[in-house]
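**Q** Just so you know, the sequences run in chain order A and B.
Residue 197 in this note's numbering is what sits at position 197 of the first sequence, and the numbering runs on without skipping anything.
Residue 14 in this note's numbering is what sits at position 14 of the second sequence, and the numbering runs on without skipping anything.
Keep in mind that the hints were calculated from the coordinates and are not lab data.
Computed from a predicted structure; not experimentally measured.
Certain hints may be false.
[Said to hold, decoys possible] To be clear about the criterion: a stretch of chain A counts as covered by chain B if any three or more of its residues have a C-beta under 8 Å from a C-beta of chain B, and this derived list gives those stretches:
1. 46 to 52
2. 67 to 81
3. 91 to 97
4. 207 to 216
5. 269 to 279
Glycine is no exception: its CB is placed at the ideal position from the N, C-alpha and C atoms.
Each chain, written out:
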Amino acid sequence: MITQYRSPTVLQLIRITTAFLIGAILVILFAAQTHAETPGLSITMSPSSTELHAKPGESATGTFTIVNQGTSSYPALLTVAPYHVEGVAYDPQFTLLPGTTDAASWVKLNTTESPTLGSNSTTTVTYTLNVPAGTAPGGYYAVIFAETNPTPNDSGITPHNRVGNILYITVDGTIEQKGTLKTPSSDTPGIIFGTNADLGVLVSNNGGLHFVTTANIKVKSLFGRTLFAGEFERYILPQTERLITTSWNNLPPIGIYTLSRDATIAGKVQSLPDRYIVIVQPWVLAFIAVIIILLGALAISSRRKKVSKEKETSDASV
Amino acid sequence: MLYSLKLNKKLIAGSALSLIALLAVPVTASALTTGTTISSSLSPVISLLTSNGTVSLNAIPSGSGVQTIASDTVTVSTNNSAGYTLKLGETTASSSLVSGGDSIVASTGTQTSPIAQTANSWGYRVDGVGGFGAGTTSAASSQAIGAVKFAAVPATASPDTLVTTSTTASNATTTVWYGLAVNTTAANGTYTNSVTYTATTN
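Next comes chain A alone, as it looks inside the complex (with noise of 0.2 Å):
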């Protein structure tokens, strides 16, 4: 065995030395872990939605608001695109249907330049919505979009953030707002042997208004225990149907349940009839198929014994 003995000189060097390593190891590491965190290219809009109202020939204004929270700065861009929905999913499409105005034109940004947002800074945007004279009364939509627009750094795909603020347009005046509850196309099946259920409600606008709907749906015992209970809340634009739909997970194994559903439609709630709904779970399914097989085979079995008792007996007597 050897051992060495230094000098303290050389007994605090070596100290500070592997202190110094320690300290470089850990700033390493804490570095590396803060880039990893590090966010990328990062925009939030807010809101993300607005009501406005106006009257033909009269504008309103109004504000959003622009967050970069990462720690990337940007230049932010701004514009105002047409908005309608597709389907009864209620896809978003940001281009003009045709025949109908194009109310992102009305639109008109308080800012010609497009805004820098430093990391983690804040942009406060004014427009202003000029509804044109003689404009119909009624429901008219655009979105306001705000867009991370970076510089391509290297060989391949660069990424733009964009999110939107979708503009909900009153244009005053007399309208008409109507609409119905309708049992979707494919509704839920009266047996049901998953485990999980689809549930869910049709609301058709006809008038010439948007409305916010509230859906419920209810699924109760026949001893009028509630199971599950969901309540939506859907923007429903004029001449569409927006399917509004929920997952019932993890069912009982077996039973018959009551279905309700009602929804606010134009300030008037409307029902659908209560549909019963029968569920039996697979493995149900097949215990009462194996109970149903056993008790066969007892039968069978019993049966067997007894005719043999029987010609014992016979035989016996003879």
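Chain B: place on chain A using the hints.
**A** For chain B alone, kept in the frame of chain A given last:
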């Protein structure tokens, strides 16, 4: 004795008055208390974050062709109870990866009918969306062209829907894969293209 009784009467009357006064004070105070209603209106908010400034698709081409696959993570948060929709489309009219006068064309596949890559094309895929199949896609760098299916990033006016939800979202992530397949007929250079992720509330 009489004096004592009078004194006691006074004492009792005084005490009773004091008691009434004591009881009356909180009653009066209660009557003066005004109710304050705390009201708070939360604005709907949507945010979008991507992990990459640029998704690098560097490749060292070979005669038979190589494939590079890289991903971008898109994170969306919203307090809108109806959820959000995330779309992907081209930022400009160009659908090709461009390097000066040279270009690598977009895949001929679509989101509903994506195709395996052929040399000198690029595209995107999201596992489990449209016709892409479940995946799981993994990153590759200048490897032999595989059977993983890709689609062209659609035009600005008709972006593809990547995600649609029906409830609030907190840092919901979507992994978007980009694939480049090239052979030695593609001129060397720095090829770029810009895509736009659009997030709106439902």
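**Q** Now look at each hint and say whether the structure bears it out.
**A** Here is how each hint holds up against the structure:
Only when three residues or more bring their CB closer than 8 Å to a CB of chain B does the claim for the region 46 to 52 of chain A stand; here the count is 4, and the claim holds. Look at the region 67 to 81 of chain A against chain B: 4 of its residues bring a Cβ nearer than 8 Å to a Cβ of that chain, three or more, so the hint holds. Look at the region 91 to 97 of chain A against chain B: 4 of its residues bring a Cβ nearer than 8 Å to a Cβ of that chain, three or more, so the hint holds. With 0 residues having a beta carbon nearer than 8 Å to a beta carbon of chain B, the region 207 to 216 of chain A misses the requirement of three or more and the stated coverage is violated.
Residue count for the region 269 to 279 of chain A with a Cβ under 8 Å from a Cβ of chain B: 0. That is fewer than the three needed, and the coverage hint is violated.
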